[in-house]
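> Chains as they are written, first to last, in the working numbering: chain A, 1 to 140; chain B, 141 to 247; chain C, 248 to 738; chain D, 739 to 914.
The reader is advised that the hints may include incorrect statements.
[Unchecked claim] Derived pair list, reagent style SDA-like, types lysine to any residue, alpha-carbon separation capped at 25 Å:
id: 1; chain 1: D; residue 1: 821; chain 2: C; residue 2: 410
id: 2; chain 1: A; residue 1: 104; chain 2: B; residue 2: 235
id: 3; chain 1: C; residue 1: 343; chain 2: C; residue 2: 680
id: 4; chain 1: B; residue 1: 235; chain 2: C; residue 2: 608
id: 5; chain 1: D; residue 1: 821; chain 2: C; residue 2: 476
id: 6; chain 1: B; residue 1: 235; chain 2: D; residue 2: 765
id: 7; chain 1: A; residue 1: 12; chain 2: D; residue 2: 799
The set of hints was computed from the structure by calculation and includes no laboratory data.
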Amino acid sequence: MKHHTVLRIVTKLIIPLILLFGLYIQFHGDYSAGGGFQAGVIIASGFILYNIIFGLEVGFSILSINMTKNLMAIGVLLYIAVGFMGIIQGLNFLEYNSLLSSSKEGQLLGIFLVELGVGLTVSNVMILIFYSFNNMGEKL
Amino acid sequence: MLYVLNMTLFLIGLFIIVRESNLIKKVIGLNIFQSSVFIFYILISKVEGGVPPIISADQSIYSNPLPHVLILTAIVVSIATTSLALALIIRIKDKYGTIEEDDIDLG
Amino acid sequence: MNQIPILIITLPLLLTPILLLIRKINIVYALTLIVSFINISLILALGAEVYNNGSIIYELGGWPAPIGIRLNADLLSCYFLTFINVISFLCLVSSKDIIKHQIHEDNIYLFYIAWLLCNIGFSGIVLTDDIFNLFVFLEISSLSSYFLISQANYKGTLLAAMQYLFIGSIGAVFILLAIGILYAHTGTLNMHDLAMKIGQAKFSESIVFALGLLLAGVGIKSALFPLHGWLIKTYAYAPSIVTTYFAGTSTKIGVYILLRVFLDILNSINPLEYYGLAQFILFISLLGVFLSTLYAVKQKEVKKMLAYSSVAQLGYIIIAIMLLIPDGLTASLIHVVNHSIIKTGLFLIIAVIFINNQNVIIEDLSGLGKKYPILMSCFFILGLGLIGLPITSGFISKWYIITAMLKSEYWYFTFIVLLTSFMTLSYVWVLIEKIYFATNDNDDAINNISIYQMFCIITLTVMTIYLGLETSLTSGIAENISNDFYGVTGK
Amino acid sequence: MTIALLYILLSVLIVISIYVIISRNLFSVIISTTIFSMVCALIFLLLDAIDVSLTEAAVGAGISTILFLSTIRYVDIIATDTKKSAVPIVILFFLLLISISILIYDLPEPGKANVVNNSQATKYYINNSTTEMGVPNVVTSVLAGYRGFDTLGEVIVIFIAGISVLGILRNTKGRT
């Protein structure tokens with residue numbers, strides 16, 4: 001769709017808004033609807049829209065397939081690492097109290113980190129799935 | 141009575157999966173099937189006169205947040221299943237030349 | 248705080264994203280093996296602890312039961328955990344050469360990740376004390392098994408994976424709806440809590456509906472007789488090492504869920520006795536045992552023959568449970584382990600010999616007795632175990648099943664068991680005859696069976712004989728478990 | 739009011755799913771499932787499940803539509819009619835529907851399910867979410883906090899989806 005000027009310009013205008021909305025959903029999930037999963041899906045949608053309009057090659061140059069694999073692994077690792085923090089300090093798995101001196105702050109930080117891990121994994125998995133569906137024949 | 145409508149949806153979904161031969165329609169049937177169960181969970185979570193479970197000072201009755209959490213997880217499972225199924229469909233088309241289950245001939 | 252229960256799940260879980268970052272086949276393989284081995288030692292330690300001091304409860308995040316999720320490692324969990332992880336480890340050890348021939352090189356690291364995740368799913372199902380968490384782990388294991396199955400190159404593989412995906416998802420959604428209905432009546436998801444509250448809740452028709460859904464869902468997972476179609480196709484068309492792994496584990500997980508839900512959680516409303524469900528399942532399974540043995544006799548393909556035999560053996564397990572007496576439960580638990588070991592061994596021998604072969608038919612076995620003397624004597628012993636002849640563990644489990652039947656009101660079922668044993672003898676004999684007495688026309692080169700594969704097969708064979716002679720290991724624990732379930736005090 | 743609206747929306751869902759059965763054109767079937775998801779999201783919104791509603795909208799109308807549309811590029815867009823006869827299956831359908839309707843008649847009406855909504859866990863979450871976690875959105879605190887282990891499972895599920903799709907679609911050749 002490289003010749004549709006209107007589409008290209010509108011997309012360029014919309015995408016920052018989509019990403020911003022995704023980030024809002026991610027980081028404001030404690031106070032209103034949303035959280036890591038929804039944010040991940042929305043951010044991935046924004047990126048996929050960009051890919052649809054400007055072509056996969058441009059998308060690859062921003063975020064390569066290997067990068068998506070790494071990022072989704074790191075998201076899962078982040079979640080499990082937060083869980084293991086509890087075990088290291090002699091508490092239970094996923095016990096966030098251990099993260100900071102104050103229990104409530106620790107819970108908040110734990111939820112924040114966990115949601116970040118979810119968001120990272122979900123957005124990258126969605127992008128990876130989109131790549132896989134549309135890039136057959138080339139090396140994944 | 142709402143549950144009866146809900147179960148109608150449940151059965152329609154099930155019957156699309158069982159009866160249709162086209163694999164994409166089967167996957168859509170699976171989505172309908174799963175959605176009906178999601179609606180069931182959310183139906184029982186509603187509290188009369190309640191509001192969404194975001195705590196604020198001027199509210200005292202909230203709908204039950206636990207089924208919401210469960211369904212969030214179930215939705216994730218459902219999208220994972222869907223994407224896996226669609227990937228398999230692309231390969232099936234590649235290998236057998238058709239996505240009609242009845243037409244696939246294993247010889 | 249005893250951390251072992253959670254480590255059994257999270258240690259392999261921690262490894263999976265790291266493997267995705269590494270992507271080098273040899274390192275991935277080595278790490279997978281190391282972690283599986285550590286896992287087995289953890290499980291044995293846990294088993295010893297639970298056997299001596301009773302079940303261990305682990306609260307995740309430090310939240311108490313109905314609020315948070317917790318794990319509950321009791322004797323039944325440890326029993327299933329042990330054999331599932333041992334089988335997984337043995338399959339992994341012998342997988343390397345086989346996988347190289349059957350799976351695309353770039354996919355091998357993904358294959359091992361999915362394998363680990365599948366095993367994590369099984370461990371999670373067995374350990375969790377939260378019924379929704381059980382559903383989540385069920386989906387983890389199912390999704391990764393769809394992927395594992397789809398990786399083979401047979402003609403029917405993709406279709407088999409697709410059909411398994413549909414039937415598996417239907418089963419999972421049934422279970423999900425049933426959980427929802429039970430939740431609607433009790434307001435809790437914790438299994439202990441649920442078991443208590445379901446007894447207090449007033450009788451309700453919708454619980455009957457939930458029971459039906461649960462039975463259908465679990466029946467699909469455990470390949471209960473009329474719902475066994477997926478098993479034949481997946482066993483025949485999955486990569487042979489995956490078939491080997493699933494033959495010992497995946498359907499047994501269905502049996503575990505059946506036990507947990509119907510005999511433990513719902514025990515207070517006694518669903519099996521009350522609704523005449525037990526008799527119904529009993530007769531269906533009996534028919535299933537008979538018909539699937541008949542199909543096994545008629546099969547020309549070895550994998551399909553063994554798959555039908557699996558359905559029949561699962562029928563025995565279900566029948567023994569449905570007798571609803573402690574001896575029956577003991578018998579079924581013994582048979583779960585014995586059959587897993589025997590079937591894994593048989594499939595593993597087929598897998599290591601026919602690395603490239605598409606569909607192994609009976610004729611392919613001709614003259615193998617001379618080529619692989621040690622392997623084939625293992626095959627012979629495991630075959631005897633499948634029939635249930637003395638000195639093998641198969642004999643012990645058949646013995647227990649028949650004793651349980653004689654003690655219950657269904658003594659006449661023993662005739663069917665004996666009859667199907669003779670039929671089993673006939674199809675196993677066909678294989679043995681080909682192996683030892685038929686001559687092979689085409690002289691294929693002998694595969695190099697690596698020392699590791701040899702080790703695994705011999706281990707399985709030795710286990711079969713050992714469990715046939717020294718019964719206290721399986722039957723002792725199984726009797727403890729069934730006494731717990733039926734509330735019999737003392738040993 | 740809400741209840742009446744729910745009846746209407748559920749009926750709309752049934753109409754859409756019947757359309758899915760009848761229609762042979764995959765493109766319109768997929769678009770109708772997108773509408774299906776939006777109506778589902780609306781139902782969830784009416785029933786106070788705002789998080790679920792947002793998710794259903796993002797997943798059902800967003801990602802899953804993209805995936806379906808990506809898939810039908812590779813297949814025939816017109817589905818052939820199934821050869822199985824419809825009569826026995828319709829009879830079975832109504833038999834099952836009637837028996838299920840009888841069985842589920844005693845479920846508590848929406849809004850009045852007191853056993854569930856006054857259960858110990860639910861009360862605990864609502865009373866303690868702000869004080870223990872400082873998170874007003876109870877769904878978030880239950881999801882990531884109290885039942886964080888389920889969410890770990892959820893992440894694993896999506897992780898599996900990623901590696902599975904990658905592995906399944908690798909090296910399929912000859913397409914544009």
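> Would you mind marking each hint as holding or not holding in the structure?
A quick look at each hint next to the structure:
| no. | hint | result |
| --- | --- | --- |
| 1 | D:821 <-> C:410 | holds (18 Å) |
| 2 | A:104 <-> B:235 | violated (56 Å) |
| 3 | C:343 <-> C:680 | violated (30 Å) |
| 4 | B:235 <-> C:608 | holds (24 Å) |
| 5 | D:821 <-> C:476 | holds (21 Å) |
| 6 | B:235 <-> D:765 | holds (22 Å) |
| 7 | A:12 <-> D:799 | holds (21 Å) |
Against the hints set out earlier in the document, violations occur for numbers 2, 3.
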